[in-house]
Each structure stands twice: as structure tokens, then as C-alpha cells.
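> These protein sequence lines are chains A and B, in that order. For the first sequence, the UniProt record's numbering begins at 1 and goes up steadily by one. For the second sequence, the UniProt record's numbering begins at 1 and goes up steadily by one.
No lab work stands behind these hints, which were simulated from the structure alone. Please note that the accuracy of each hint is not assured.
Which copy is meant is left open, because identical chains are indistinguishable; a pair holds if it fits in one copy or across any two.
Okay, derived cross-link-like pairs now, SDA-like style, lysine to any residue, Cα gap no bigger than 20 Å in a straight line [said to hold, decoys possible]:
(1) K441 / W451
(2) K461 / H448
(3) K87 / I414
(4) K96 / Q53
Spelled out from the first residue to the last, the chains are:
Protein chains: 2
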Amino acid sequence: MSKIFDTSHSTSIEIYPTIELCRLSCGEYGSLWPKPQNLKFSNRNLFVFNPMQITIEHSPSFDNHISRMVIDTFRTNLEHDYRNCSKCKDKRMRVKIHTESDTTVLDWNTDESYSLKIETLKDNAEVEITSKTIFGARHGLETLSQLMTSYPEEDNSICLAVIKGVTIEDRPFYSHRGLLLDTSRNYLSIATIKKHIRAMATSKMNFLHWHITDAQSFPMETPSVPNMTRYGAYSPSAIYKYEDIKHLIQYGLYHGVRVFLEMDAPAHAGYGWQWGPEAGLGDLTVCLNHQPWRQACIQPPCGQLNPSNHRVYDVLQDIYADIIKLLPSSSIIHMGGDELFIPCWNSTEQIIRYIGNKPRSMETFLDLWSEFQNEALKRYDKVVGNKNSPVILWTSHLTDPQYVERYLNKDRYIIQTWVPNTDNLPEELMKLGYKLIISTKNAWYLDHGFWGTTEYYDWRKVYDNQISNNKLVLGGEVCMWGEYVDDASVLTRTWPRAAAAAERLWSNPVTSSNQADARFYSQRQRLISRGIDADAVGPRWCYLNEGQCLS
Amino acid sequence: MSKIFDTSHSTSIEIYPTIELCRLSCGEYGSLWPKPQNLKFSNRNLFVFNPMQITIEHSPSFDNHISRMVIDTFRTNLEHDYRNCSKCKDKRMRVKIHTESDTTVLDWNTDESYSLKIETLKDNAEVEITSKTIFGARHGLETLSQLMTSYPEEDNSICLAVIKGVTIEDRPFYSHRGLLLDTSRNYLSIATIKKHIRAMATSKMNFLHWHITDAQSFPMETPSVPNMTRYGAYSPSAIYKYEDIKHLIQYGLYHGVRVFLEMDAPAHAGYGWQWGPEAGLGDLTVCLNHQPWRQACIQPPCGQLNPSNHRVYDVLQDIYADIIKLLPSSSIIHMGGDELFIPCWNSTEQIIRYIGNKPRSMETFLDLWSEFQNEALKRYDKVVGNKNSPVILWTSHLTDPQYVERYLNKDRYIIQTWVPNTDNLPEELMKLGYKLIISTKNAWYLDHGFWGTTEYYDWRKVYDNQISNNKLVLGGEVCMWGEYVDDASVLTRTWPRAAAAAERLWSNPVTSSNQADARFYSQRQRLISRGIDADAVGPRWCYLNEGQCLS
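Bound conformation, chain A alone (with noise of 0.2 Å):
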């Protein structure tokens, strides 16, 4: 096979030396990915300079941690194969970034956009890179990485090779890009998270939403009720302390992520709530370890929130605390929500009791249900200190159309929808004014393929995966659920798949999976060099030959 890839997209044809050198302008996009919303070539021809010779200025004298954190994950994207490049050791790369606002918060109303220019003169590269916020200054270093890669040199020195003119003027289509990681039915360990949010960051995804607990465990620590752990965690290696959750959703921020936390109620709790009866506060979980496991749940070992015992309330109350605490300026939180199980609250005799005479049908049961919604909110906003913060819910039978008005104000929720996408209820929702994340249960599933009759969605039906362009959509999400994944496969099972979302919902293309074939390998090659182990595409023949595996 030839080592030699020459492109008739040039000016002038050149020779590379590498298919990844080539790659770079190729097509009209290059191997950028997510492709930016507009973008000319204006030399298509490669400047070769020493990586050790960039300088960076940002601006106007920018010096928040993040701004530094940036920048020094930008240098170590690029330096990973560096050698002592010598031929090129007097050419040089000049990035200058113009950042408008000193805003550090990253939530759906940040201004993401940014603009690239690259201009070279004869030694030098002129970068230029200018944007709202400093998010926007991260996606446009990270494109500018991707506009660059190593450049071997006869003399076996490594140098980088960038486009010599390029413009790009680029924004988000969707203000949330999100990941979900379940980190309940197996543990994640730290190492494993924060590759994910590499791997994020490299596609311009910005919401980690991290389903932290469920029945099966809870491995994180709050410190206000530490027998949550101590029930609750499969092992005392298997729990994240509360500093390394600190830490974790700082690395987010300086990797262009908003880490946000999942607490599963009332449904979804188990493992962590068991001891109420010994502490004296009652059941804080009932059908916890109900077998047969299919008369109490969807999902051994069951576990449901006694929502007639208020001492849940306060228990939920000092765990909301802890969790604000560990938050940056704004405040966003996922309640869960999905899945009560109405026979185990109608089988369980203090809950029969608690609802007294009133019948035991589904509209009591939702009623209670919103009680305890309301109360728990109600908690959530007093530790807030102000009663307008966001809360996420996943749809069940409370966000049904024809209930969702009289449970939930629209002004405070949004809703998370994982239904499949022959379901009008995304519209019907939108209809009545709900906010809306889009989690399309048929393509965005990543678990999906791997137990019952599920089906595996390939990279090309995440990437086909259109969600409507409503305005109340913020966006949406991949979700990696747990079950069949822990740290020995849930990089591969997630990536590059998530990737391919991540172009959906950041270019939003009119095109298909077939369109960005080539810029896919390229992505998936990229992560597999900045560390991030993603699972092949395909024969690495269909990435050497670009477009020839198309049927």
C-alpha cells in the first residue's frame, strides 16, 4: 500500500507524508468535527513550524484559571508526538485570542461562538481567534488543533503542519450538546470520567449529565449523610468523595463541560436509603430487594422514595445542600423522575395508608407523586436561596400532555424526552411551551444493542439522527446507561459514536453520515491519540481509501 496520498483539492499538488497530513485539506471540511457553520480555505497548502515555538496571547489580559487551563490542554493535544523538530525549528505560530466578557459560566445562554483566521508569511503563522467567552475561545483553539497535525521530517525530527489560510466564522446550532454516565449499576473510576470529558471536548460537546446514583448503588459521598455511602457504595474504593467531585466538575469547566448531577427520585433509589429503621426515621425506601423482582420494578434490586414518610425530605434536603455547594455560580440539577412503578407505592401498606380513602387509582397516584415533586423542590429551592433555578425531569407519566400542565410549571422544568423518534410527544410538549432536551431513544441510546431485544445503533443512525429545530429544543443527549458497561468498555462503547452526535447537534447538517464518512475516521484517529480509547469505524482500508467502502 502506498505511503505516498497526494489530493487534487490543492492549489498545487502536494506529496504528504502521512494520510492524516493529506486529510487536512481535504473535501470542504478537511477532518474538522464537528464541521464549523462556515468556513473558506484561502491557501489549502501546509506551513510546517516547531510546536515549540507557539506563542499565545490572550486577550483583553485574560487571566482566569480557565484561560490557562486551556491553553495548556491545547499545547499538550499538539505535543503528544513531537521530536526535536530541527528543519523548521526557526518557524513559528503566533495564536492571538480576543475574548469579550471575563463570564466563567457555562449554561445554555452562554455564547459559544467564535471566529478563526489563519493568515501565514513566510516564517510565521498568524492566528487570530476571537469570541464572547472563553468557551468560545476553547472551541476555536480546538479547531485550530484540528486544522494542524505532526509533520514528519526526513531527518526522523517531528514537526506540526498547519493550513496556511483558512476563515472560519462558527457557533453551536443546539446550546446543549450532552453525554450521559451512569455510574450506579457499575462504578466509573475517576480516570475513566475525565477521559470522557476529553473525548467531549475534542467534539465540542458541553453538558456531562451524570446520572450518579440509582437502587443498585450510591457511590457518591455527601457529607451531610454519610450513611448514603456507607450503605450505599459497592465497595469503599467504589465512592467519589466530595472533593474529587469538586475537582471533576472543575476539569469540566476548563475542558468546555458543564458537569451536572442526576438525583434519581422517587423511583431509581435504593442502595444508600436502607437505614431509616435503624437511625429512627422510618422507610426512607420501600420494595428495596422485592423478589420477584418484576412485581416491584423495572429492574432488580427495585428501591422507591417513601414519599409517606416526610423525613425523606429532609434527608433529600441536606443532600441537595451538598450538592449546591459543590456547584459554580449557576445551579442546574436533574431530579430523574422516570419509571415510578405505581404496584410497589400500591403495595406497600404505610403508603396505602398514608393516601387513606382516597382510590387507589393512577390519579392518586400521580397526585402523590407531585407531592412529593413539589416538596422536594421546595427543598431543592430553599438550599438555592432563590426559587427560579432550572431542574431537568426525564418524561413519565407526570410530563403525559394531558397531566404535565396541572404537576409541572413549564417556567421550571425542562424536560428530557427518551422516547423513540415515531413519538409525537417531543411536539406535543412543545405545544404546550415545555423546554425540551432530546434523548431519541432509537439512535441515541448507546446501552441499546447489548440486552433484550434492543437494537445497536451504529455510528450513522446516531449521526442520522435529526431532532426538530424548535426553539424551546435546547438540544440533546447521548446516554451511555450502565448496566452492561464499567471501566473496561464504556470508552469504546461510547466513542466515537457520541462524537457523531456531537456534529448533529453542533453543526446540525442538512447532509448525512455518508457526507462525513472520511471526517469520522479522522475523529475517531484523533481521540485515539489524545489517549481516549474509541472503538474502530471499520477496516482501517475504508479509512485509507476514502469513500471506496460506500455501497
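Place chain B on chain A using the hints.
Frame of chain A, contents of chain B only:
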């Protein structure tokens, strides 16, 4: 979650500091995988001893290198957790191995049976392993290692614990317990292949089917024909050096694994074979790089050897000669022979000329294919130096029951079937007297679920796939085709599912995966503890709560 476990199977209740210790003597088979044919616990309690105080004698005065390496691996597997065992520092284990024959031949006639007995006196566990061959002895040591696990003492030191009394008589049900790896679609590193071999040894699998070449790339160094990798490797670093292959074959034997090579022909041969015209030999391969590929093959880049050019046989003979030099005493080869795409030959001018006036019918092309196969076999026999070494072929048109006896000698060819379990082809071939290796397509194709409309086979489907116990069935193989895996995920994609097939092939239990559930979780943990990235089986909660997740 409680960290204390007890087992009601003990003669007296013991409290164990880890679940792994408890599982050593749980149920009928402890945490053994695959389960032995006959096992009797005489004392289920644990003896805690010093792993530095294991003596191993192998008689009669065994001093071959395989024995030394087998014992070394046994020790390595035990010592990974060891820390300063002080409390039990004078408690010992003495292992006496008696092996009848000093043969180092591992093939379908090798006697792999062993017996194992543990008796514990006050300060000493006495272990006796008896076997016909070193490979049986290795199985005995593997079983012994699975009767032990780390024992953390209160003083923070870590010793080993072993079951005090047990007697095992064990032998495999099938003599071929195989795994196919494909290194052509994507290259796999030597380190990855070694991990597969160690995982196979941990599950008593014994045949590694190395599908080393295909149309996409030819990564195998063949010193007699250096052009093969020069034209066929994906890159200079994606080549299996001749010495490395030799080393891997030897490494396999040290782990009780026979590595055998597949040189797939005449289809699935493209890259690596392009140099014919340049060297004045004419076209060795045809249809290579044909587009649209659907017209000439089932997968790009197409490519089939050219039966009208007899120089092909000279090259094949050189390659065979290189292969033979690599092999241990008895030679086994897989000649592929699957998926010949007749429209390719039938649209190639020189082949049409070659068949001359014969009708361009199915039968004519099968005759041509058979001519190819006969000549290839002749060249192979020439370099082997005899005419009776076994050759394996995939099922194809050539093995169709209506043709097979005309084309393939049942005393020479072993046929590997890859049809679904609903197909009665294996039965029909057995009626005709052919020996078989079974790769049930709808259970043992581990690449399924990731492309097209194929379905993923979870470990239960792999386990529950019963194959014929006719004497003509040598055994079976799980196949890890390489289109959608490379070093990043090939281990988690293969393991622990391949281990499920391992128990099916070793023990051929009448019971189903439900009865193997807890032991299978244990085997997965064992693979992880030995450094093999094996996928999660389910939530860790299910591992900690035996049998509670079954529906």
C-alpha cells in the same frame, strides 16, 4: 452494602472478608470455569498460606521448557495481589505433578485430561496433579489456581487461601475449543494477541485460529516473498515479523493453545498480491479494487486469486514453505476457501479465455475452483513432505453435500461450518463422513450486532448454543471477525463471551446459562484480575447478589 459474606454450603459457617473468598466454595463448582466433569469437595473450608511458600515438583524429572513456562505462569497468576503475608508465613503448599508422556504435540489427539487432589494437614496443603501430557497438567494447574484467591489479613498483608479438600477428575468434551482472530481488516498488536492467548488459557481453550490475511491487508512477513507485506501491509509498523509469529506460536504452547494460521484462498486475497505484473508474473489477483464493489465481491476491496495464472501456485508454495517452517512438529493449516464470488472470475477476461469452450456455468467454475484447491494442496504437501496432514476449509459451494465428495477427500479435509443452528448442513456433512469444526453463525459470530441487520449474541446465547456430540465433531470455534474492532476494543468484544463457549466446549453441560450465572461473573473478574480487558456482564449488584437478577 455489607462487606461480610457467608456461605451455608460450608460444614461450619465461615465469615469471609471478600466475596471472591466466599465464592471459592459456593455451590456445586465454586468459582471454577469451565466446570470440571467430576468434582467432590471433601472439605470446603479455607486454608490460608504464604504464596511464597509454594513448592512444585514435576515428575518424572520433567525438564522441558513448556513445563517451566506453565509453572511460571501459574505462579504469576497467583502473585498479583500478594503483600507481605506475615501471619501465615509458615503455612505452605506442596504441589506434585505427575505427567506420563513428555510429548509437546498439541493437536486433536492430545490427551488433555488431568486429576487433581487437595488434602490439607496442619501447616501444609498437599496437591497432587496427574496427567498424561503437559497440557493436561497445565489444565490441572489452571484449576488449582481457580481454587485459590487472595486473602487479606487484618494486619494489611495479603496471603492466599485455598479450598482444604477436593478431588477432581476432568477431561474436555470436545478436542477443538477455538477462537478465531482476524488481523487483516484491522491490525492487532502482538501484545493484544498475547492477552487473547492468556484469556484462552484461563478458560481452557486450546486452538487459536489466526485469520492472518484477507483482501484488505497482508500483514504476515513471508521471508521467501517479501513483496507480500511490501504491497499488502497497512504500514511498516503493521507487520507480523517472522520471528514474532514464531514466538507467538511458542507462547501459545506455553499456555496450552495451538496457534494455527489461515491462508485464505482463492477469495479474500487482494492486497499483498498486486505485484505480479511488475515482477513479470502476470496478474496474481483479479477484481481487486473493483468499483462498484458489489459487482465483484461481498466486501471492498474485492480481490480473488487468478486460477488462470499458474504462477499463483509458485507464490503460494513459497508462502506455505515459510509457514511450515514456523510450525511445531505436527502441521495444521486452514486454507480458507470461503465466499468465492463467481461473478468476479466470470467477468475476468483471462479466466474466461482459460475455461475455453466449457459452458460458463456454476459447475465449470466449481471445477475451476477445485482445480485451484487441488493444486494448492499439492504444493502444500510438497513442502510438508507428506500427504496426510490435516487441512481445514470453510463451508462453501465446494462443500455443498451434492458436490463435496467429488471435490474434497474426507480423509484430508476438516470442514469448518459457519451456518446458523437452524441449518442442517453439519448433519448432512457428517452423514457423508466429514469431520467438522462448528462455528454457529447465529451464536458464535462475536462480530454480529455491530453492522447491518445482525444481532448481538450475549454470553447466554453463546453459552446455550449446544452443538452435535457426534464423534465427527472435533469441537467449535467462536469467531471475532475484525471489520469493526482493533486494539481498542477487540478484547472487551471477545471476552468474557468467548469463555461462555469455552465451558460449552469443555464441559458441554446439560444445564443452561442460568445455572452458570454466578460462576460466569467470577470468571469475568478473574480475567480482569489477570490483566485482560473483559466486558462487564451486568450491574455489579448482580455479582454481589447471586441469582437475584435472573428473571
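> Give a verdict on every hint.
Hints and how they fare:
Both within a single protomer and between protomers do K441 and W451 lie at most 20 Å apart by alpha-carbon distance, with minima of 14 Å and 19 Å respectively. Taking the shortest alpha-carbon separations for K461 and H448, both the intra-copy value of 12 Å and the inter-copy value of 17 Å come in at or below 20 Å. For the homomeric pair K87 and I414, neither the shortest alpha-carbon distance inside one copy (56 Å) nor that between copies (59 Å) is at most 20 Å. In the homo-oligomer, the alpha carbons of K96 and Q53 lie at most 20 Å apart inside one protomer (14 Å), although the nearest pairing across protomers, at 66 Å, exceeds that limit.
Violated hint: 3 only; the structure is consistent with all others.
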